[in-house]
Amino acid sequence: MKKAQIEIIGLVIIVVLLVFIAIFALSFMIKPMQHDNSLLKIKANALRASILKTDICNQVSVKDEIENCIDGYNECGSCDKLKQDINDMITNSLEANEKYSFVVSNDYGGSFININNCVDSITAVSQNLRNGKVDLALCN
Amino acid sequence: MKKGEVQLHESILVTFFIIIIISLGIVLYYKFTSNSIDNYEMEYKQQQLTSSLIIFQNFFEYTNLGEPMNAVDTSKLFYNNLYYGFRTITVEQVYPAQNDEIKCELNNYPECNYFVVYDNQNTRMKNKIVQSIPVSLYYPLSNEYKLGRLTFYLYY
Numbered sequence: 001m002k003k004a005q006i007e008i009i010g011l012v013i014i015v016v017l018l019v020f021i022a023i024f025a026l027s028f029m030i031k032p033m034q035h036d037n038s039l040l041k042i043k044a045n046a047l048r049a050s051i052l053k054t055d056i057c058n059q060v061s062v063k064d065e066i067e068n069c070i071d072g073y074n075e076c077g078s079c080d081k082l083k084q085d086i087n088d089m090i091t092n093s094l095e096a097n098e099k100y101s102f103v104v105s106n107d108y109g110g111s112f113i114n115i116n117n118c119v120d121s122i123t124a125v126s127q128n129l130r131n132g133k134v135d136l137a138l139c140n
Numbered sequence: 001m002k003k004g005e006v007q008l009h010e011s012i013l014v015t016f017f018i019i020i021i022i023s024l025g026i027v028l029y030y031k032f033t034s035n036s037i038d039n040y041e042m043e044y045k046q047q048q049l050t051s052s053l054i055i056f057q058n059f060f061e062y063t064n065l066g067e068p069m070n071a072v073d074t075s076k077l078f079y080n081n082l083y084y085g086f087r088t089i090t091v092e093q094v095y096p097a098q099n100d101e102i103k104c105e106l107n108n109y110p111e112c113n114y115f116v117v118y119d120n121q122n123t124r125m126k127n128k129i130v131q132s133i134p135v136s137l138y139y140p141l142s143n144e145y146k147l148g149r150l151t152f153y154l155y156y
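Those protein sequence lines, which keep their order, are chains A and B.
Residue numbering for the first sequence follows our numbering, beginning at 1 and increasing consecutively.
Residue numbering for the second sequence follows our numbering, beginning at 1 and increasing consecutively.
A portion of the hints provided could be inaccurate.
[Claimed, not checked] What the simulated footprint calls covered on chain B by chain A, stretch by stretch (three residues with Cβ under 8 Å from a Cβ of chain A suffice, anywhere in the stretch; the number is not a length): (1) 21-33; (2) 46-56; (3) 104-113; (4) 125-135; (5) 138-147.
Since the hints were made in silico from the structure, they are not lab data.
Because the structure is a prediction, the values reported are computed rather than measured.
Where a beta carbon is used, it is the ideal one built from N, C-alpha and C, also for glycine.
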């Protein structure tokens, strides 16, 4: 092999080495941030428990009133007002960028409240009621 | 220039460039490691704050005949002798919502909606991490539960 060709090979090796170093460095620098789901789960549990425990009126809790509404009656204003109140509670409790999904279903699979703002990455918790189920999810 | 001299210069140049490449690699490795350590530190602080959020409620929990009711007894929030480091801890009532923020003192409780449970700031610490969690607030005088938000500010 001619001397110039050997020298060119040497140069190429150096350039290839540089490219590998750059790729290695870039792959670590632009690693996507991983969201911590454990805090979301804790928040979702806390939110679910707190909302259901909150009194709407005269010692009647949100949990009691949801059960009443599923059975077809109410003690604290209309069931539509209850849905609005629940929506307000969740919105005021979370940060502006936090999305949620709140679903109340009865024992027959029908949906009483269905608020779904989640697209992906859901951290969900649920609680059984006397005559249904509450599912709350927080998402990124 | 003699042939040997040319080749010598060539070798020196090549060595010089290889040293530069190795130095570049060392600098990049240092930056990467330093970045990783900073990320670990931030992750640790976040987890520490999350633990504090959970444990805090145990100190002010409302119990009924010894049974924990998973709610913060708001009457206990005025009596706090614990030390939490450089943090601020607030509890605010979010439902029923009120237009004005009224800071709770002993003389206006329970006609208020914002508790500053602990406040220890350090002016030299310019950064802070904020985490909040929904909590159930119990008002013993009216025997009712309201919805609140517990917020921790960690200064570093």
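Evaluated hints:
Note: the region 21-33 of chain B has 5 residues with beta-carbon separation from chain A under 8 Å; the three-residue rule is met and the coverage holds. Judged by the Cβ-Cβ criterion of 8 Å, the region 46-56 of chain B is covered by chain A as claimed, because 4 of its residues qualify and three suffice. Coverage of the region 104-113 of chain B by chain A is violated. Counting CB-CB distances below 8 Å, 0 residues qualify, and the rule asks for three or more. Closer than 8 Å: that is the beta-carbon criterion, and the region 125-135 of chain B has 5 residues meeting it against chain A, so the requirement of 3 holds.
With 5 residues having a beta carbon nearer than 8 Å to a beta carbon of chain A, the region 138-147 of chain B meets the requirement of three or more and the stated coverage holds.
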